[in-house]
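Use the sequences and the hints to build the structure in full.
Now for the letters of each chain:
Protein chains: 4
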Amino acid sequence: MGIVLGPNRYGKAETRVVRVTRDGDTHHIKDLNVSVSLSGQMEDVHLTGDNAAILPTDSQKNTVYAFAKKHGIGEIEEFALLLARHFVDETPTISHARVEIEEYGWSRIPGKSGHSFVRSGTEVRTALVHSDGTGGTGTGGTGNGESVISGLKDLVVLNSTGSEFHGFVQDEYTTLQPTTDRVLATAVTAQWRHRGVDAEFAKSFAEARRCLLEAFAETHSLSLQQTLYAMGRTVLETQHGICEIRLAMPNKHHFLVDLQPFGLENDNEVFFAADRPYGLIEGSVLADDAPDAPAAWT
Amino acid sequence: MGIVLGPNRYGKAETRVVRVTRDGDTHHIKDLNVSVSLSGQMEDVHLTGDNAAILPTDSQKNTVYAFAKKHGIGEIEEFALLLARHFVDETPTISHARVEIEEYGWSRIPGKSGHSFVRSGTEVRTALVHSDGTGGTGTGGTGNGESVISGLKDLVVLNSTGSEFHGFVQDEYTTLQPTTDRVLATAVTAQWRHRGVDAEFAKSFAEARRCLLEAFAETHSLSLQQTLYAMGRTVLETQHGICEIRLAMPNKHHFLVDLQPFGLENDNEVFFAADRPYGLIEGSVLADDAPDAPAAWT
Amino acid sequence: MGIVLGPNRYGKAETRVVRVTRDGDTHHIKDLNVSVSLSGQMEDVHLTGDNAAILPTDSQKNTVYAFAKKHGIGEIEEFALLLARHFVDETPTISHARVEIEEYGWSRIPGKSGHSFVRSGTEVRTALVHSDGTGGTGTGGTGNGESVISGLKDLVVLNSTGSEFHGFVQDEYTTLQPTTDRVLATAVTAQWRHRGVDAEFAKSFAEARRCLLEAFAETHSLSLQQTLYAMGRTVLETQHGICEIRLAMPNKHHFLVDLQPFGLENDNEVFFAADRPYGLIEGSVLADDAPDAPAAWT
Amino acid sequence: MGIVLGPNRYGKAETRVVRVTRDGDTHHIKDLNVSVSLSGQMEDVHLTGDNAAILPTDSQKNTVYAFAKKHGIGEIEEFALLLARHFVDETPTISHARVEIEEYGWSRIPGKSGHSFVRSGTEVRTALVHSDGTGGTGTGGTGNGESVISGLKDLVVLNSTGSEFHGFVQDEYTTLQPTTDRVLATAVTAQWRHRGVDAEFAKSFAEARRCLLEAFAETHSLSLQQTLYAMGRTVLETQHGICEIRLAMPNKHHFLVDLQPFGLENDNEVFFAADRPYGLIEGSVLADDAPDAPAAWT
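Chains as they are written, first to last, in UniProt numbering: chain R, 1 to 298; chain V, 1 to 298; chain D, 1 to 298; chain H, 1 to 298.
Hint data in this document are derived by calculation from the structure and do not stem from the laboratory.
Listed next, the in silico DMTMM-like pairs over lysine to aspartate or glutamate satisfying Cα-Cα at most 25 angstroms (straight line):
| # | chain 1 | residue 1 | chain 2 | residue 2 |
| --- | --- | --- | --- | --- |
| 1 | D | K70 | D | D23 |
| 2 | H | K69 | V | D275 |
| 3 | R | K69 | V | D267 |
| 4 | H | K70 | D | D267 |
| 5 | D | K69 | D | E102 |
| 6 | R | K252 | V | E100 |
| 7 | R | K69 | R | E100 |
| 8 | V | K69 | H | D275 |
| 9 | D | K252 | D | E102 |
| 10 | R | K252 | R | E265 |
| 11 | H | K153 | V | E282 |
| 12 | R | K30 | V | D154 |
| 13 | D | K69 | D | E14 |
| 14 | V | K30 | R | D181 |
| 15 | H | K69 | V | E172 |
| 16 | H | K69 | D | E265 |
| 17 | H | K30 | H | E100 |
| 18 | H | K30 | D | E214 |
| 19 | R | K30 | V | D181 |
| 20 | H | K69 | D | E269 |
| 21 | R | K30 | R | E78 |
| 22 | R | K112 | V | E207 |
| 23 | D | K153 | D | E103 |
| 24 | V | K153 | H | E282 |
| 25 | V | K252 | D | D258 |
| 26 | V | K69 | V | D25 |
| 27 | D | K70 | H | D181 |
| 28 | D | K203 | D | E103 |
| 29 | H | K252 | V | D58 |
| 30 | R | K252 | R | D181 |
Printed below as a string of structure tokens:
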């Protein structure tokens, strides 16, 4: 039996960059968390510690900051692509780059100051980009070796009615009572894959987010899976540049509290919001002509 | 030398209750985290394990749920007072109750559904109430033995300019360069003490929050202490029912990145948002006629 | 374009179970966090909300507790296999089960009590099992459709010397200075795949953990990749039942503090332990005859 | 009504310092998290932003690092005292310093390497020191204006039997059943105040910790309060240099799972470890001749 090096990657994770842009007295800010992972000719560094192929993770961090200055920060998908292509194009030993970005939202504080902001929402916008350089900046191609996934996480939503759960399998360990009215709450993690790498990401994000919220609110739910699928389907139906969406939705249980011992009825009014355990529903929705790209998600 | 029992308290912490109220098809929700602490005749339970004076923490939890049904949940200060007075009034062995509540904000999801919500903001509204029962429901008094503190936490704000820091002490360990333009960012924790226990808490909260944001945005800052004081002063000046405010504001450092090695200038455009260490500024602002009530804060 | 359901799974996550076993006055405890994910005939539930194929996540939780009683809890790999096979064997609509377990360690408190324990270590032992039922309890086979991965996470280790980093790529964004002596610290996440499903998991775990620590300590490191590979290789060389190991090791930077402004030398004595950003090194080490099983890791 | 500045303090929080000391090939490490808070002539900085009295928090951080080099790091109480006295003695505008330290434990990795360590335990050792300078280095006095509190947190312990709970108050919201055998689990936070500032802190800490564990294990508990008091009393009885101890102990509920629906008995064998809500028991135990020092704890 021999022992060999398997798949590997390395990079600088969680570089926190805040970029201020001025438009006279009106400022704009972008607040990102950037994680880079590179792969390529990595045999030597693993087997002998020879770093000749290694671009230091410190240099990767510097690149994030320098690019924030040189190119500004537009949509995070574009910034991720810029970075990913740079690492592959400029470092001969690197053949593949993965760049993941989280963006935190800020709103303006009402008033006269154009430079004052307050963090908005618990929700985080995300991007995940892969590049092997073949879709390089000049080509504008669909990027055989490139992929762009947009998304969001920690979008916490709740329906206080309009959710049922019944007709399920009854085995010897089933004690759950069916219900025709329950609270449905979840923290949505969604990631959607674009067909190309040149989408209008700002518009696409706003639309996808709107679809997710709308489908969550307007689906009369018989199961969280049904809601999940409806959310994904709505995005694909309205956003033709998106070919696949993956959703992970914990069922954040809100248990009806038994108030009968206190002589009180509880007509779906008082709930205990539990922490653990929780249901976890994960699923993907696909256009049937979606090109295969499993590596885009890793 | 003898050994004696000192100050003590016990209770149920972090009871998570969600209350739904229906107005036809339009639902309203309140989402709270309630922590109760009781004290009183506690010698025996500590010295011998005799629980005759102990109202179980489980019963306290039940009370939170039952009260959510019976009384509904209005402003959290009022719900905390109801609970605190109940424990003192109804349990002979309990002479003092402390109730602390966190409230999480929800907004409606736009659209036709009246029962769909999305978590809004990272910020949490808080209340801290003490009662020894003497201000009981009927009296409406200022409550010698009662106190109400309102507040908020995790209100994350940032000024991208309008902040300076210079003229400080230079000792042998000082290497910091003075600056006339820096990013000022913090996560505000604020607690304000009411003169009475019958304030209009919803209005008072909205106004205090507005004052905090406005003063943060509009103070040209020479130090975070100056900003903190301005924020507190603005609340006291406009809200005469509030006699004291305490603020804790971490200086969430945003360090200017040195881009000179890459031939780039950084004119307050690109920042590294650091985690630790951070400055921590804590201070209180008082009306000079504020009644003494240190125990209100514990 | 049509829209179709893609890969999906659902289950109960993070069921926290503590199992006490008595041997006279001497008690033993097992403290687990169990997450179940099932897949199978899931079209209907997604498309129409028909739950006829759905074993409720609540029943899955009940099963964890009932099995803890009926079968006791031995090694977590075995408990995970028992659960996974049960769900596939007993629920006709379920064709695949994934069970993930975290185990928290406890030590005895020294003294006479046989029932008193203290949490030991920050480290968590893990298991990840897949089953499609074909390796059922009776067969003892290698389990075509079954796989067992053991592991650990949050094993935090540090070498205060014996680590160098130099000879790396210099690009226009490289400012890092080479070093021949640095602190190397990481929090190891390791997962190793067994060739079969009948290993001696307790012994195998103890040996793998010992190998990881030993290789970390005794590798004179020229790069974190070299250390990672040495750790993986040592496990594979000594544990022939293991055919693949994956490691994720953040480079928890300890930066040498510049004390020259204070007239002090810092001969690798005083370090700033940084939070973010951090390097992240991920890699796998394989036996060259390792059977292919990418799905085992998902 | 006038508005005035109330109590305030400021400083650098969470400076993470790792100190390596070499004894030939055998290294020793100290891993601390240091938080400094200063107070003094702070009117101007709050009212006008004049920083003439302000020692920058950045200088405080530098001081921590420089002192780690110059003085080494012995017991954290001593290091905290050194720092606190320095700030008060050397900065004319500062009249009071508070230094809080967390220490993370490391063990040696078995083997030949003298420089390899693994993080041990979830538990954190703590110190909290106040100084107004009057107990200065030379005097060795009891330090009227100085106080030293030692402690620990996140010491997670569990008794799988030997705990009862009955005989409690029954009110209209009480549904809890009395029990003569339950699991008792908690995460101990303990802080103890020394009579002087010159104790043998290493020995004292080891003894206090041993007492806490022993009393937890060997108290047959009728209530968590009884256990808490026994733990505190044991420390005070054996450590005469300690005059007060404060304990906060969440009751980490382990609920017996009802297995009857599955035809199984549960004779205190299978438990659900709940997250929230939890009981919270807080209490102090005092020597009856303990000098008054409430400010020591703030």
